[in-house]
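Peer 1: Okay, here's what each chain looks like letter by letter:
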Amino acid sequence: MGCGPARGPCRAVAGGAGRRRAARALLVCMIGPLLFGACGRDADRAGALRAFLIDGPGPGTWEVQGLSAKRTTWIAPHPDDSAWLLKAEARSGGDARPCVALRGTVAREFLEGPWELFARNYVLVGPGRDEPTRDGAPAFHLRWAPRVEARDTARHVWFDAVTGQVLQIEDVAREGQRVRGIYRTSSSTGRLDPERMRPGGVGDQDICVQSEPESIRMKVLLELAPFPLVAPSWLPAGYERIGARYEELDDVRVGGVEPVRLASLLYSDGLGLISIGIAVPSDMDALQEKLAAMGPGDGEPGGCATLPPDAGPVAAGPERTLRRRTDRCRTVLRLDGLEGVSVTLLCRNELPGDEYVKVMESLKRVTAP
Amino acid sequence: MAGATRMETGARPGPWAFSAAAALLLALGVASLVGSSGATRPTDSVQDGASFASLHVVDDPSVPLFHGLETFDQLAGSVLASADQSGSGSGR
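As you go down the protein sequences, you meet chains Z and D in turn.
Residue numbering for the first sequence follows the working numbering, beginning at 1 and increasing consecutively.
Residue numbering for the second sequence follows the working numbering, beginning at 1 and increasing consecutively.
Keep in mind that the hints are not guaranteed to be accurate.
[As the list claims (entries may be wrong)] Cβ-Cβ distance ranges computed for the label pairs, FRET-style: (1) Asp285(Z) <-> His56(D): 19 to 29 Å; (2) Ala83(Z) <-> His56(D): 31 to 41 Å; (3) Ser62(D) <-> Ala83(Z): 47 to 57 Å; (4) His56(D) <-> Val220(Z): 30 to 40 Å; (5) His56(D) <-> Thr367(Z): 20 to 30 Å; (6) Ser62(D) <-> Phe227(Z): 16 to 26 Å; (7) Ser188(Z) <-> His56(D): 32 to 42 Å; (8) Arg191(Z) <-> His56(D): 27 to 37 Å; (9) Ser282(Z) <-> His56(D): 18 to 28 Å; (10) His56(D) <-> Arg120(Z): 15 to 25 Å; (11) Ser62(D) <-> Arg50(Z): 39 to 49 Å; (12) Ser62(D) <-> Val162(Z): 49 to 59 Å; (13) Ser62(D) <-> Arg320(Z): 17 to 27 Å.
In short, the hints are calculated from the structure, not lab data.
Think of the CB as a built atom: it goes at the ideal place given N, C-alpha and C, for glycine as much as any other residue.
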């Protein structure tokens with residue numbers, strides 16, 4: 001934790017009358033990081049990150065990169081209600097009509113994991129340093145690491161050198177590969193046109209469509225899924241279920257007739273994600289075939305373009321064999337024969353590979369929420 | 001306790017008072033340092049053919065890495081539509 005001589009509240013106070021204050025300041029600087037993760041200006045920056053996570057990104061042009069795709073979003077303040085933001089996907093030509101989003105949902109959309117889990121499982125580690133953003137803006141760089149020992153994921157955050165606001169976030173997995181990047185590329189809100197917003201209540205207001213995986217609970221999933229539901233009985237430290245979803249995918253049909261029926265569970269520690277899909281084997285095969293044909297959306301911004309070559313299937317027993325495909329950025333695990341369903345786990349290698357195997361090994365039939 | 005009494009009566013704290021605080025801080029600091037560096041780093045020990053308690057792990061190149069899909073939740077978005085536009089086989 002940085003509590004150097006230039007860090008305001010952490011500065012030593014000279015003189016006999018200031019001795020107690022100096023001791024108190026020293027105490028705050030030494031214990032503060034243990035309790036709150038920051039002191040002095042770092043505490044201000046931690047507060048700026050908290051504001052970003054809870055209240056959403058500031059106005060401007062934001063680029064969000066995953067492993068496979070990137071997109072650019074214009075964000076502007078809502079003209080009437082500070083609880084909301086105006087948001088539009090950046091595109092060429094013409095003014096963009098914004099949709100209206102609750103502030104916190106925008107950060108959740110950018111970062112995927114809930115901020116509450118991030119706050120619980122990650123802690124600020126120092127010292128930070130002056131370091132420009134990817135686009136060359138003067139900034140101060142801090143890093144948050146897992147409280148769990150010997151885990152290598154991290155969230156790197158760059159704060160504006162003048163305003164202290166969040167300019168850039170990069171989440172990295174265990175071998176340093178970037179799994180997520182969020183960049184404020186400009187303070188301009190582009191061609192987002194607040195005049196084109198259509199306030200007026202239900203059916204007339206441009207509410208941004210938000211993915212709400214929490215809206216389906218396990219109880220509902222059990223009622224909806226027409227096949228036995230299985231779920232991990234063990235999770236890596238800090239991980240919790242943050243979503244449960246059931247879908248019938250009209251875009252993917254088995255034999256061109258029946259839509260694929262898929263139950264999915266999503267787990268997170270606030271940064272890392274574990275996604276588990278459950279379907280009957282024929283549906284999982286159809287979905288796998290469809291998804292295998294997909295290419296990266298926009299030039300593989302995650303830098304994982306090199307894939308191991310396909311070499312045909314390996315001989316595997318019908319049960320208790322976990323089939324794995326992995327590269328530097330992703331791991332896919334598939335287990336067939338458990339309760340008559342196929343289970344596929346997707347992850348971005350935030351954890352050691354053993355942990356994902358243990359998750360699959362712990363799968364058990366779920367009969368009650 | 002004696003130190004606290006002296007502080008409450010307004011007397012200047014002796015050098016030992018500061019030393020006690022420093023010792024506490026040092027202990028906390030040492031504990032923090034030990035906590036942050038004392039653990040061993042787990043290794044990614046999953047190898048082709050590795051057997052866990054009930055699972056046998058095999059690297060299977062026929063399992064796709066699902067370019068463009070990082071979580072199944074993304075299926076709810078436009079992933080499949082973009083797959084149709086990107087054509088089959090790209091990126092593989």
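Peer 1: Evaluate each hint against the coordinates.
Peer 2: Results for each hint:
{"no.": "1", "hint": "Asp285(Z) <-> His56(D): 19 to 29 Å", "in the structure": "21 Å, holds"}
{"no.": "2", "hint": "Ala83(Z) <-> His56(D): 31 to 41 Å", "in the structure": "52 Å, violated"}
{"no.": "3", "hint": "Ser62(D) <-> Ala83(Z): 47 to 57 Å", "in the structure": "49 Å, holds"}
{"no.": "4", "hint": "His56(D) <-> Val220(Z): 30 to 40 Å", "in the structure": "34 Å, holds"}
{"no.": "5", "hint": "His56(D) <-> Thr367(Z): 20 to 30 Å", "in the structure": "27 Å, holds"}
{"no.": "6", "hint": "Ser62(D) <-> Phe227(Z): 16 to 26 Å", "in the structure": "23 Å, holds"}
{"no.": "7", "hint": "Ser188(Z) <-> His56(D): 32 to 42 Å", "in the structure": "55 Å, violated"}
{"no.": "8", "hint": "Arg191(Z) <-> His56(D): 27 to 37 Å", "in the structure": "55 Å, violated"}
{"no.": "9", "hint": "Ser282(Z) <-> His56(D): 18 to 28 Å", "in the structure": "24 Å, holds"}
{"no.": "10", "hint": "His56(D) <-> Arg120(Z): 15 to 25 Å", "in the structure": "35 Å, violated"}
{"no.": "11", "hint": "Ser62(D) <-> Arg50(Z): 39 to 49 Å", "in the structure": "45 Å, holds"}
{"no.": "12", "hint": "Ser62(D) <-> Val162(Z): 49 to 59 Å", "in the structure": "53 Å, holds"}
{"no.": "13", "hint": "Ser62(D) <-> Arg320(Z): 17 to 27 Å", "in the structure": "18 Å, holds"}
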